[in-house]
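So the sequences go chain by chain: G and U.
When we follow the UniProt record's numbering, the leftmost residue of the first sequence carries the number 1, and every step to the right adds one.
When we follow the UniProt record's numbering, the leftmost residue of the second sequence carries the number 1, and every step to the right adds one.
FYI, nobody ran anything at the bench for these hints, they're computed from the structure.
No experiment lies behind these values; they were computed from the predicted model shown.
Take the hints with a grain of salt, since some may be wrong.
Stated by the list, open to error - No more than 20 Å apart at the CA atoms, straight line, and that leaves these computed lysine-lysine pairs for PhoX-like:
#, chain 1, residue 1, chain 2, residue 2
1, G, 52, G, 88
2, G, 336, U, 41
3, U, 336, G, 40
4, U, 52, U, 176
5, G, 176, G, 52
6, G, 336, U, 40
7, U, 336, U, 288
8, G, 156, G, 242
9, U, 88, U, 52
10, G, 242, U, 37
11, U, 242, U, 156
12, G, 242, G, 176
13, U, 88, G, 156
14, G, 41, U, 336
15, G, 37, U, 288
16, U, 41, U, 88
17, U, 37, G, 88
18, G, 242, U, 242
Unchecked claim - Which chain U residues face chain G? A few, computed with CB under 10 Å, are given here:
#, residue
19, 80
20, 84
21, 88
22, 96
23, 100
24, 118
25, 119
26, 121
27, 122
28, 148
29, 152
30, 153
31, 157
32, 160
33, 161
34, 163
Where is the CB? At the ideal position from N, CA and C, for every residue including glycine.
Number of protein chains: 2
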Amino acid sequence: MQAVIPVSLPQNSYEIAIASHNLDQIGTWMTNETTKKLGKKVLAVSNPTIFKHYGQRVIDSLTNAGFAVSHCILPAGERYKTPATLQKIYDAALEHHLERSSTLVALGGGVIGDMTGFAAATWLRGINVVQVPTSLLAMVDAAIGGKTGVNHPRGKNLIGAFHQPRLVLIDPQVLKTLPAREFRAGIAEVIKYGIIWDRELFDQLENAPRLDQIRYVSEDLLQDILTRSCQAKAHVVSKDEKESGLREILNYGHTIGHAVESLTGYRVVNHGEGVAIGMVAAGLIAVKMGLWDRESSDRQIALIEKVGLPTRLPEGMDLDAIVATLQSDKKVKEGKVRFVLPRQIGSVIVSDQVEAEVIRHVLQQM
Amino acid sequence: MQAVIPVSLPQNSYEIAIASHNLDQIGTWMTNETTKKLGKKVLAVSNPTIFKHYGQRVIDSLTNAGFAVSHCILPAGERYKTPATLQKIYDAALEHHLERSSTLVALGGGVIGDMTGFAAATWLRGINVVQVPTSLLAMVDAAIGGKTGVNHPRGKNLIGAFHQPRLVLIDPQVLKTLPAREFRAGIAEVIKYGIIWDRELFDQLENAPRLDQIRYVSEDLLQDILTRSCQAKAHVVSKDEKESGLREILNYGHTIGHAVESLTGYRVVNHGEGVAIGMVAAGLIAVKMGLWDRESSDRQIALIEKVGLPTRLPEGMDLDAIVATLQSDKKVKEGKVRFVLPRQIGSVIVSDQVEAEVIRHVLQQM
Ligand SMILES: NC(=O)c1ccc[n+]([C@@H]2O[C@H](COP(=O)([O-])OP(=O)(O)OC[C@H]3O[C@@H](n4cnc5c(N)ncnc54)[C@H](O)[C@@H]3O)[C@@H](O)[C@H]2O)c1
Ligand SMILES: NC(=O)c1ccc[n+]([C@@H]2O[C@H](COP(=O)([O-])OP(=O)(O)OC[C@H]3O[C@@H](n4cnc5c(N)ncnc54)[C@H](O)[C@@H]3O)[C@@H](O)[C@H]2O)c1
Ligand SMILES: [Zn+2]
Ligand SMILES: [Zn+2]
Numbered sequence: 001m002q003a004v005i006p007v008s009l010p011q012n013s014y015e016i017a018i019a020s021h022n023l024d025q026i027g028t029w030m031t032n033e034t035t036k037k038l039g040k041k042v043l044a045v046s047n048p049t050i051f052k053h054y055g056q057r058v059i060d061s062l063t064n065a066g067f068a069v070s071h072c073i074l075p076a077g078e079r080y081k082t083p084a085t086l087q088k089i090y091d092a093a094l095e096h097h098l099e100r101s102s103t104l105v106a107l108g109g110g111v112i113g114d115m116t117g118f119a120a121a122t123w124l125r126g127i128n129v130v131q132v133p134t135s136l137l138a139m140v141d142a143a144i145g146g147k148t149g150v151n152h153p154r155g156k157n158l159i160g161a162f163h164q165p166r167l168v169l170i171d172p173q174v175l176k177t178l179p180a181r182e183f184r185a186g187i188a189e190v191i192k193y194g195i196i197w198d199r200e201l202f203d204q205l206e207n208a209p210r211l212d213q214i215r216y217v218s219e220d221l222l223q224d225i226l227t228r229s230c231q232a233k234a235h236v237v238s239k240d241e242k243e244s245g246l247r248e249i250l251n252y253g254h255t256i257g258h259a260v261e262s263l264t265g266y267r268v269v270n271h272g273e274g275v276a277i278g279m280v281a282a283g284l285i286a287v288k289m290g291l292w293d294r295e296s297s298d299r300q301i302a303l304i305e306k307v308g309l310p311t312r313l314p315e316g317m318d319l320d321a322i323v324a325t326l327q328s329d330k331k332v333k334e335g336k337v338r339f340v341l342p343r344q345i346g347s348v349i350v351s352d353q354v355e356a357e358v359i360r361h362v363l364q365q366m
Numbered sequence: 001m002q003a004v005i006p007v008s009l010p011q012n013s014y015e016i017a018i019a020s021h022n023l024d025q026i027g028t029w030m031t032n033e034t035t036k037k038l039g040k041k042v043l044a045v046s047n048p049t050i051f052k053h054y055g056q057r058v059i060d061s062l063t064n065a066g067f068a069v070s071h072c073i074l075p076a077g078e079r080y081k082t083p084a085t086l087q088k089i090y091d092a093a094l095e096h097h098l099e100r101s102s103t104l105v106a107l108g109g110g111v112i113g114d115m116t117g118f119a120a121a122t123w124l125r126g127i128n129v130v131q132v133p134t135s136l137l138a139m140v141d142a143a144i145g146g147k148t149g150v151n152h153p154r155g156k157n158l159i160g161a162f163h164q165p166r167l168v169l170i171d172p173q174v175l176k177t178l179p180a181r182e183f184r185a186g187i188a189e190v191i192k193y194g195i196i197w198d199r200e201l202f203d204q205l206e207n208a209p210r211l212d213q214i215r216y217v218s219e220d221l222l223q224d225i226l227t228r229s230c231q232a233k234a235h236v237v238s239k240d241e242k243e244s245g246l247r248e249i250l251n252y253g254h255t256i257g258h259a260v261e262s263l264t265g266y267r268v269v270n271h272g273e274g275v276a277i278g279m280v281a282a283g284l285i286a287v288k289m290g291l292w293d294r295e296s297s298d299r300q301i302a303l304i305e306k307v308g309l310p311t312r313l314p315e316g317m318d319l320d321a322i323v324a325t326l327q328s329d330k331k332v333k334e335g336k337v338r339f340v341l342p343r344q345i346g347s348v349i350v351s352d353q354v355e356a357e358v359i360r361h362v363l364q365q366m
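Kindly produce the complete structure, drawing on both the sequences and the hints.
Below you can see the structure in the form of structure tokens.
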């Protein structure tokens with residue numbers, strides 16, 4: 001079953017299409033009525049692993065639909081999400097004579113998606129990009145909403161631009177080859193949507209027998225998870241394209257999550273695991289402040305545990321370092337740390353009134 | 001006398017302010033009602049020569065107005081308009097903890113303006129930029145309209161973004177230190193506005209006794225030249241922010257101009273000189289095609305000569321190479337070279353119907 005979710009924006013609206021075997025339909029999708037203004041030239045950008053699995057199918061589908069397709073393979077990993085790697089996309093764009101009407105196709109996780117999106121934002125002052133996310137995190141988060149960028153040696157995503165894709169094409173089948181830890185990291189973001197936006201999604205996740213590996217998740221549930229998560233993200237993005245208000249709720253679990261990720265050098269704890277820990281912490285803070293009931297918080301913790309994600313801080317973390325890191329976050333406004341806090345499952349508020357003492361108290365328990 | 005020209009856009013409208021001693025007023029301008037939402041942190045970007053002349057005045061004015069100002073000095077010259085130099089702006093932005101509300105001030109010619117604008121477009125996915133153009137070309141062209149970018153080793157301005165400034169602040173007095181050849185290059189663009197948009201501006205230029213050096217140009221005429229040129233550019237940009245239609249007329253003289261510039265390795269012929277040659281060529285093509293009268297074309301040639309700009313191709317240029325270069329221009333649509341051609345002084349059309357034979361015939365005469 002094909003789910004098609006509109007992302008409605010003042011300019012540059014687009015669709016997210018979710019269905020098994022969409023990879024083989026990309027040529028059709030890129031010539032249909034909503035996107036048909038794309039020029040003939042396509043540059044597919046991927047990494048070696050993902051390209052080996054799925055590159056040829058994408059190229060065949062595009063070629064059959066009449067596109068002239070070339071490709072550019074980048075080294076895998078967050079540490080290559082840099083201005084230097086970006087140059088490789090630019091070089092390929094030049095070599096293949098891309099024009100303003102041409103399209104980059106990002107085939108990969110969030111790293112490929114963010115870099116390819118940024119290259120598209122900046123080549124010839126903006127060409128088309130189509131996102132074909134292959135990790136769960138990229139499907140439900142990174143590929144949607146137009147945030148693109150690369151890292152500065154001293155900070156993540158500091159160099160970037162808003163550049164909406166022309167289409168987001170999701171084929172749930174590709175998740176079968178995604179490493180299990182990456183799958184769980186994506187589920188952390190799905191739980192986030194349950195808490196901030198969609199109580200029914202939360203309930204569905206609670207009712208699932210297992211969520212720690214994709215092979216235990218039915219095709220129907222997976223389709224539902226993807227559809228509901230993308231709907232939540234699309235909705236928030238539609239209301240706040242350039243991140244001036246509502247979009248902030250997407251940071252649920254990310255405030256403390258980022259601090260833990262960065263203090264552990266991005267190795268011990270990956271992004272999804274950091275978000276899991278951060279959601280537990282935000283939930284406990286909300287309970288402590290009388291904003292949320294303990295029972296809901298316990299349900300959140302139980303769900304995170306079921307997925308096999310961490311609910312406690314890694315051994316030996318320095319609590320003061322966490323609090324200090326929060327203060328230096330780029331999202332701090334006028335020196336006040338802003339927290340997204342649950343009021344009920346499915347609804348959150350943003351607060352800059354969280355006392356450092358409360359944060360410390362909660363972290364001590366974890 | 002202060003001229004204030006609005007650049008009206010669906011979002012991000014701004015003003016161009018033109019008056020002697022505006023440099024000392026930048027602090028006031030950046031805190032007035034149209035721009036007052038700027039944060040306290042400012043990073044001024046310039047090159048050694050320009051900063052030595054004008055840096056301190058800008059910093060003093062900003063500091064007096066309450067801004068926390070730091071600066072970043074980049075090496076001078078088009079050959080440093082690269083991704084590598086951009087990193088220096090990013091490093092300074094990081095070092096000085098710029099936030100989303102912070103502002104880059106570009107104090108310099110088009111090179112500084114384009115790089116600083118692009119850094120602003122891409123740092124934290126977009127911060128504010130104020131353009132303080134110091135070359136005539138930057139005042140009447142580069143600083144207005146939001147085109148920003150850097151060069152790829154194999155092509156000019158290939159990496160870039162649209163990012164409108166919050167304010168363009170022009171102080172005509174700074175032109176006194178601009179090298180004469182750079183001044184003349186700027187006058188080429190002013191003549192362009194006369195032909196494509198503003199017949200009266202053309203008449204004023206014709207009536208001026210001398211235009212080859214700024215010291216022969218009265219303050220009043222200079223103010224008029226700047227105001228009318230900025231009005232023309234502002235008008236065209238307002239109607240076509242993202243370069244999908246009308247903005248194309250700004251390429252008058254640039255089609256053949258770019259080819260001559262690039263074939264002479266950007267050394268023999270500078271940009272303004274290329275444009276001068278290109279305007280003569282476009283004029284002769286228009287005459288040859290029966291679109292323009294010879295008398296007007298002769299007036300254009302006489303004006304260009306008066307400025308001390310070239311009206312003929314440099315010695316020994318390969319005409320076939322020029323025609324071949326035209327074909328490979330990034331603005332070619334579906335293989336057809338597009339020319340901006342005068343119909344009268346003050347009015348042009350765009351044509352993709354110019355035969356290669358006509359181009360060759362005209363170039364042979366030059
Ligand atoms: N733009 C946004 O709004 C946004 C939002 C969230 C995260 N991000 C960014 O996304 C990145 C993280 O994304 P990610 O978690 O997808 O990381 P990733 O792109 O590094 O992918 C994770 C790993 O899984 C592999 N992989 C991906 N799909 C696969 C598949 N189908 N089969 C086999 N292997 C596969 C990748 O090669 C990689 O090794 C970060 O850089 C983050 O900053 C961006
Ligand atoms: N963004 C746009 O819309 C746009 C339009 C046209 C040109 N451009 C770009 O602008 C650049 C050319 O701009 P430019 O002609 O100003 O070149 P430039 O910035 O290199 O300046 C020319 C020279 O004059 C010096 N200079 C500038 N102002 C001075 C002053 N007041 N006193 C003493 N010296 C001074 C500079 O140091 C430099 O050596 C090119 O890179 C071109 O691509 C951009
Ligand atoms: Zn996240
Ligand atoms: Zn020009």
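Between residue 41(G) and residue 336(U), does the CA-CA distance stay at or below 20 Å? Between residue 41(G) and residue 336(U) the Cα gap is close to 17 Å, so the pair holds against 20 Å.
Is the straight-line distance between the alpha-carbon of residue 37(G) and that of residue 288(U) 20 Å or less? At roughly 36 Å apart (the allowed maximum being 20 Å), residue 288(U) and residue 37(G) break the hint.
Measure nothing beyond the straight line between the CA atoms of residue 41(U) and residue 88(U); if it is 20 Å or shorter, mark the hint as holding. holds, 18 Å
Residue 52(G) and residue 88(G): Cα distance at most 20 Å? This hinted pair holds, its Cα atoms lying about 19 Å apart.
Interface hint compliance - residue 96(U) to chain G, C-beta minimum distance less than 10 Å: Interface hint status for residue 96(U): violated (13 Å vs cutoff 10 Å).
Assess, step by step, whether the Cα of residue 336(G) is no farther than 20 Å from the Cα of residue 41(U), and give holds or violated. holds, 18 Å
Hinted contact residue 88(U) with chain G - closest CB pair below 10 Å: The hint is violated - residue 88(U) has no Cβ within 10 Å of chain G, the shortest such distance being about 12 Å.
Checking one constraint from the list: CA of residue 52(U) to CA of residue 176(U), max 20 Å. Satisfied? Roughly 14 Å separates the two Cα atoms, so the pair holds.
With a cut-off of 10 Å, does the beta carbon of residue 121(U) approach a beta carbon of chain G closely enough for the hint to hold? Given a least distance of 6 Å, the restraint on residue 121(U) holds.
Does the closest beta carbon of chain G sit nearer than 10 Å to the beta carbon of residue 153(U)? With a minimum Cβ separation of about 9 Å from chain G (threshold 10 Å), the hint on residue 153(U) holds.
Evaluation of the interface hint that places residue 80(U) against chain G, nearest CB under 10 Å: Since the shortest Cβ distance to chain G is 16 Å, the answer is violated.
Restraint: residue 118(U) near chain G, CB-CB cut 10 Å. Satisfied or not? holds, 8 Å
Consistency with the previously given hints fails for numbers 12, 15, 17, 19, 21, 22, ordered from lowest to highest.
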